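Enquirer: Here is how the chains run, residue by residue.
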Amino acid sequence: MNIIKFILNILLAIVFLLLMDPRSFYGLSFHEWAGLIIVLFFFLHKILNWIWIKRVTVGFFSKAPGKARLNYILDILLLAGLTLITLSGIAISRTIDFSWINLGASSMFWRIMHTSSSLMVLALFGIHLGLHWKWVLVRLKIKKENND
Amino acid sequence: MIKKIITIVLVSVILVTGYISFQKLNFWERSVMIFKISPSARQFEGMRGGRFRMEEGREGFAARQQPRQNTQNAGRMNIPDSLRGRRNFRPQNNEGRIRNMNDTLRAGRGDRRPENFTRESAAGGVRRMEDFEGREGRGGRNGRGGSTIELRNVIYFLGVFALFTMITIYIEKCYRIIFKSKKLSKEKSDLII
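Heads up: the sequence lines are chains W and G, in that order. Here numbering that gives the first Met the number 0 is used: the first residue of the first sequence is 0, the next is one more, and so on. Here numbering that gives the first Met the number 0 is used: the first residue of the second sequence is 0, the next is one more, and so on.
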């Protein structure tokens, strides 16, 4: 299971970086489709870690350790950021027809929202990876697993 | 020892690359841009040109063009008739110049008279995908690239991503060291008492 998680996480990181510039990798069409698909994979990432989510949610105000709480808050921020990216992406999409979804506000607003939220989410992802760095080292067999 | 040196070099490279990428992408300004705009805004105050600054929409572009046209018209109203006449005469001179060009130059330049601009695809500010079919390259301001891969910007983003990861790892390490030393000193003081 851990190997599947690890591969999924690496793929998510690579695709997310490729999505950061719509012009860099096969243009806007790839950007929009891959952006939609990656959202599903983020949900898969959450489903694979569902036990942890459940445990921390239940014990957030009582027995959860400080680091787990920090990770939990970060995850909520990431979820909010990803939701904003998706919504703004839908509002400004050009290759996929989302004209039937009327989100209101000006195109300019959604465009700025898309840029700003994606940059913030990139920074949050960096922090998320930093907080899980030990797990990465264990998976890469650089460090032995311990329970601290 | 060698391991430590390699780690220090790697960390320094990541920090420097991350900082350069951060500056190049104008990361901070673009991140907080959303707090400076209202949902109904059609033009953003802090918006500037440039590829990394802002990908403005057609509305923003039109709004920015308008004040420039107004200032041009105002300037024209104040000039004397003789000069205005000369200004009006200029296009014909230009036409004459084009007529005197050889064929290769004329083909390269293209006929730029406004009546020859047929921008059906831009009508109403909406473009159809058929307008871009068969086009190679990066797709201009809309960012519709063809089948191109140019990962330079992705490397900048990777640099920033690595920077944040690195900072978090070392903050956590520092926190652990401080926390551990505090815990140890508390244990020691407990023993003294």
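It is possible that some hints are incorrect.
Stated by the list, open to error - Capping the alpha-carbon separation at 27 Å, the derived lysine-lysine pairs in DSSO-like fashion look like this: (1) Lys181/G - Lys133/W; (2) Lys3/G - Lys179/G; (3) Lys62/W - Lys45/W; (4) Lys53/W - Lys133/W; (5) Lys181/G - Lys3/G; (6) Lys4/W - Lys133/W; (7) Lys62/W - Lys181/G; (8) Lys172/G - Lys185/G; (9) Lys66/W - Lys185/G; (10) Lys172/G - Lys3/G; (11) Lys185/G - Lys140/W; (12) Lys62/W - Lys35/G; (13) Lys4/W - Lys53/W; (14) Lys4/W - Lys172/G; (15) Lys179/G - Lys133/W; (16) Lys185/G - Lys2/G; (17) Lys66/W - Lys133/W; (18) Lys140/W - Lys172/G; (19) Lys133/W - Lys62/W; (20) Lys62/W - Lys179/G; (21) Lys62/W - Lys185/G; (22) Lys45/W - Lys140/W; (23) Lys23/G - Lys133/W; (24) Lys66/W - Lys23/G; (25) Lys179/G - Lys66/W; (26) Lys62/W - Lys182/G; (27) Lys179/G - Lys140/W; (28) Lys66/W - Lys182/G; (29) Lys35/G - Lys133/W; (30) Lys140/W - Lys181/G; (31) Lys45/W - Lys66/W; (32) Lys140/W - Lys4/W; (33) Lys179/G - Lys23/G; (34) Lys45/W - Lys133/W; (35) Lys3/G - Lys133/W; (36) Lys66/W - Lys35/G; (37) Lys133/W - Lys2/G; (38) Lys66/W - Lys140/W.
Hints are computed from structural coordinates only; laboratory data are not their basis. On a predicted model such as this, the values are computed, not experimentally measured, just so you know.
Enquirer: Are the hints correct? Go through all of them and say.
Expert: The hints, checked one at a time:
1. Lys181/G - Lys133/W: holds (23 Å)
2. Lys3/G - Lys179/G: The hint holds at about 22 Å.
3. Lys62/W - Lys45/W: Since the Cα atoms of lysine 62/W and lysine 45/W sit roughly 22 Å apart, the hinted pair holds (cutoff 27 Å).
4. Lys53/W - Lys133/W: holds (22 Å)
5. Lys181/G - Lys3/G: holds (26 Å)
6. Lys4/W - Lys133/W: holds (15 Å)
7. Lys62/W - Lys181/G: Distance of about 22 Å is within 27 Å: holds.
8. Lys172/G - Lys185/G: holds (20 Å)
9. Lys66/W - Lys185/G: holds (21 Å)
10. Lys172/G - Lys3/G: holds (15 Å)
11. Lys185/G - Lys140/W: violated (35 Å)
12. Lys62/W - Lys35/G: violated (40 Å)
13. Lys4/W - Lys53/W: With a Cα-Cα distance of about 18 Å, the restraint between lysine 4/W and lysine 53/W holds, given a limit of 27 Å.
14. Lys4/W - Lys172/G: Given that 27 Å is the threshold and the Cα spacing comes to 25 Å, the pair holds.
15. Lys179/G - Lys133/W: Since the Cα atoms of lysine 179/G and lysine 133/W sit roughly 18 Å apart, the hinted pair holds (cutoff 27 Å).
16. Lys185/G - Lys2/G: violated (33 Å)
17. Lys66/W - Lys133/W: holds (13 Å)
18. Lys140/W - Lys172/G: Given pair lysine 140/W, lysine 172/G holds - Cα atoms ~20 Å apart, limit 27 Å.
19. Lys133/W - Lys62/W: holds (22 Å)
20. Lys62/W - Lys179/G: holds (21 Å)
21. Lys62/W - Lys185/G: holds (23 Å)
22. Lys45/W - Lys140/W: Roughly 24 Å between the alpha carbons, so the hint for lysine 45/W and lysine 140/W holds.
23. Lys23/G - Lys133/W: violated (30 Å)
24. Lys66/W - Lys23/G: The given pair, whose Cα atoms are some 33 Å apart, is violated under the 27 Å limit.
25. Lys179/G - Lys66/W: holds (15 Å)
26. Lys62/W - Lys182/G: At roughly 20 Å apart (the allowed maximum being 27 Å), lysine 182/G and lysine 62/W satisfy the hint.
27. Lys179/G - Lys140/W: holds (26 Å)
28. Lys66/W - Lys182/G: holds (17 Å)
29. Lys35/G - Lys133/W: Not OK: lysine 35/G and lysine 133/W at ~38 Å, beyond 27 Å, violated.
30. Lys140/W - Lys181/G: violated (31 Å)
31. Lys45/W - Lys66/W: Distance of about 18 Å is within 27 Å: holds.
32. Lys140/W - Lys4/W: holds (15 Å)
33. Lys179/G - Lys23/G: violated (38 Å)
34. Lys45/W - Lys133/W: Judged against 27 Å, a Cα distance of about 19 Å means the pair holds.
35. Lys3/G - Lys133/W: Holds - the C-alpha atoms of lysine 133/W and lysine 3/G are around 18 Å apart, at most 27 Å.
36. Lys66/W - Lys35/G: Status violated; Cα separation ~33 Å.
37. Lys133/W - Lys2/G: holds (18 Å)
38. Lys66/W - Lys140/W: Distance ~23 Å between lysine 66/W and lysine 140/W Cα, so the pair holds.
Checked against the numbered hints above, the structure breaks hints 11, 12, 16, 23, 24, 29, 30, 33, 36 and satisfies the rest.
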